[in-house]
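K.L.:
Sequence:
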Amino acid sequence: LKFMDLSDVDTVLYRSRRITCIDKPLLSTMTRGAALLFLASLPAASAFGIPGLRTSMYTSASTSMYSSTTSDADFTARVESLFKGADKSTQYDVMIKLTFPGALSNEQFQSRVVRVLSERGYTPENTLLATSLCCDELARCLEKDLREIYGKNFNLGGLAGFPFAGNTGFGAMAAHIPDDGSVLVVYGPHVGMATSGGVGKVERAGIDLVDNCCGSAIAASNYLAGITDGGARMTAKLQQFSDFQQGAVQELILPHGRRLAEAEDRMRELPFALFDSQDLLMREIVKKGAGGAPNKIALLGGIQINTAPDTLDYFLPLRFDYMNNGGEVEEDLLDQITYI
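Take the sequence shown: its position 159, counting from 1, is numbered 410 in the working numbering, and each next residue is one higher.
Worth flagging that the hints you see were computed from the coordinates, not collected in a lab.
Treat the hints with care, since some could be wrong.
[What the hints assert, rightly or not] Restricting the straight-line Cα-Cα distance to at most 20 Å, the calculated cross-link-like pairs of lysine to any residue (SDA-like) are:
1) Lys538 with Asn575
2) Lys539 with Met518
3) Lys538 with Asn473
4) Lys452 with Met518
5) Lys452 with Asn473
6) Lys348 with Leu569
7) Lys348 with Ala423
8) Lys538 with Lys403
9) Lys539 with Lys403
[Said to hold, decoys possible] Derived Cβ-Cβ restraints for the label pairs, each shown as a range:
10) Tyr590 with Pro560: 24 to 32 Å
11) Asp586 with Lys538: 38 to 46 Å
12) Gly577 with Asp430: 15 to 23 Å
13) Glu535 with Arg398: 21 to 29 Å
14) Glu370 with Gly577: 17 to 25 Å
15) Arg534 with Gly477: 27 to 35 Å
16) Arg371 with Pro560: 32 to 40 Å
17) Asp480 with Glu370: 43 to 51 Å
Nothing here was measured: the structure is a model prediction, and the numbers come from that model.
C-beta atoms are modelled at their ideal positions from N, C-alpha and C, and glycine is treated no differently.
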């Protein structure tokens, strides 16, 4: 919403109780959820020249945005502090959202996810965060931000973001969820986007070279291209144990050979292909291990979009299922974080 022109705010609709929160005809019918997010995501409403903003409507809201003992204002300050000093370039934002429609800055993404889950009883005290993200240090940004909210993280992921911890790892994670608590599982591949607009490339702090991102995914894509193009040599050699994760990434991407070969932009299509493979694997793992969770499972999958140093990263949500510990989806929450 930071990048949204005020003339577009009337398109922001959230499925909850309507309130009149701002003395301006265009904004007067914003729903309660949209109004809370709008206020939470703006450091100063006066910067937008909105007269008559009744901030008391926000600070007195009954829904806790962080925990039962933390006010909405404290929550807002905590979330905003995570992104203090980041370059929120509108030009970069537009470029990313044109390439990956539906992508949210980590700031928007995190604010929306925490709000939606807090409405369902998720607090730092009763929630375990579990992530399946790539080993790349760039993938730690989102993980770190979420850990600042929920406090603890169980790592399920490996190269390219695949959940290599598998059934055993998920079972161990489920045993660490607080009694009567719930888990938020965040998973997916990542892709770089350089300031020049190149997909699959990204600037890294302290390195002059504009580097590949994700290196594991691109290596697997090149391996797959060698097969589909007929240039790969057949071999009976077993996959080396010293690099078995990369070998698995290459095997797991094989079903998408034709899809990638025919893609208009192979690098843009690659993270979507990876996500489809990871999503299938994660859903199988959750189905088998859900019974070990004491309460609810929020399964949140998508694509991380890593950007240049000191700029906001992005996340493209593709799945957000609210599940019981029987592995059944009780509610599809995707629409509640992906509205315009």
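K.L.:
Run every hint past the structure and note whether it holds.
P.N.:
Hints, verified against the model:
1. Lys538 with Asn575: With Cα atoms ~11 Å apart, Lys538 and Asn575 stay inside 20 Å; holds.
2. Lys539 with Met518: 33 Å, violated
3. Lys538 with Asn473: 32 Å, violated
4. Lys452 with Met518: Satisfied, since the Cα-Cα distance of roughly 9 Å is no more than 20 Å.
5. Lys452 with Asn473: This hinted pair holds, its Cα atoms lying about 15 Å apart.
6. Lys348 with Leu569: 15 Å, holds
7. Lys348 with Ala423: The hint is violated at about 37 Å.
8. Lys538 with Lys403: 23 Å, violated
9. Lys539 with Lys403: Violated, because 23 Å separates the two Cα atoms, which is more than 20 Å.
10. Tyr590 with Pro560: 24 to 32 Å: About 30 Å separates the Cβ atoms of Tyr590 and Pro560, which means 24 to 32 Å holds.
11. Asp586 with Lys538: 38 to 46 Å: 23 Å, violated
12. Gly577 with Asp430: 15 to 23 Å: 18 Å, holds
13. Glu535 with Arg398: 21 to 29 Å: Taking Cβ atoms as reference, Glu535 and Arg398 lie about 26 Å apart, which means the hint holds.
14. Glu370 with Gly577: 17 to 25 Å: 22 Å, holds
15. Arg534 with Gly477: 27 to 35 Å: 30 Å, holds
16. Arg371 with Pro560: 32 to 40 Å: Because 35 Å falls inside the window, the suggested range holds.
17. Asp480 with Glu370: 43 to 51 Å: 50 Å, holds
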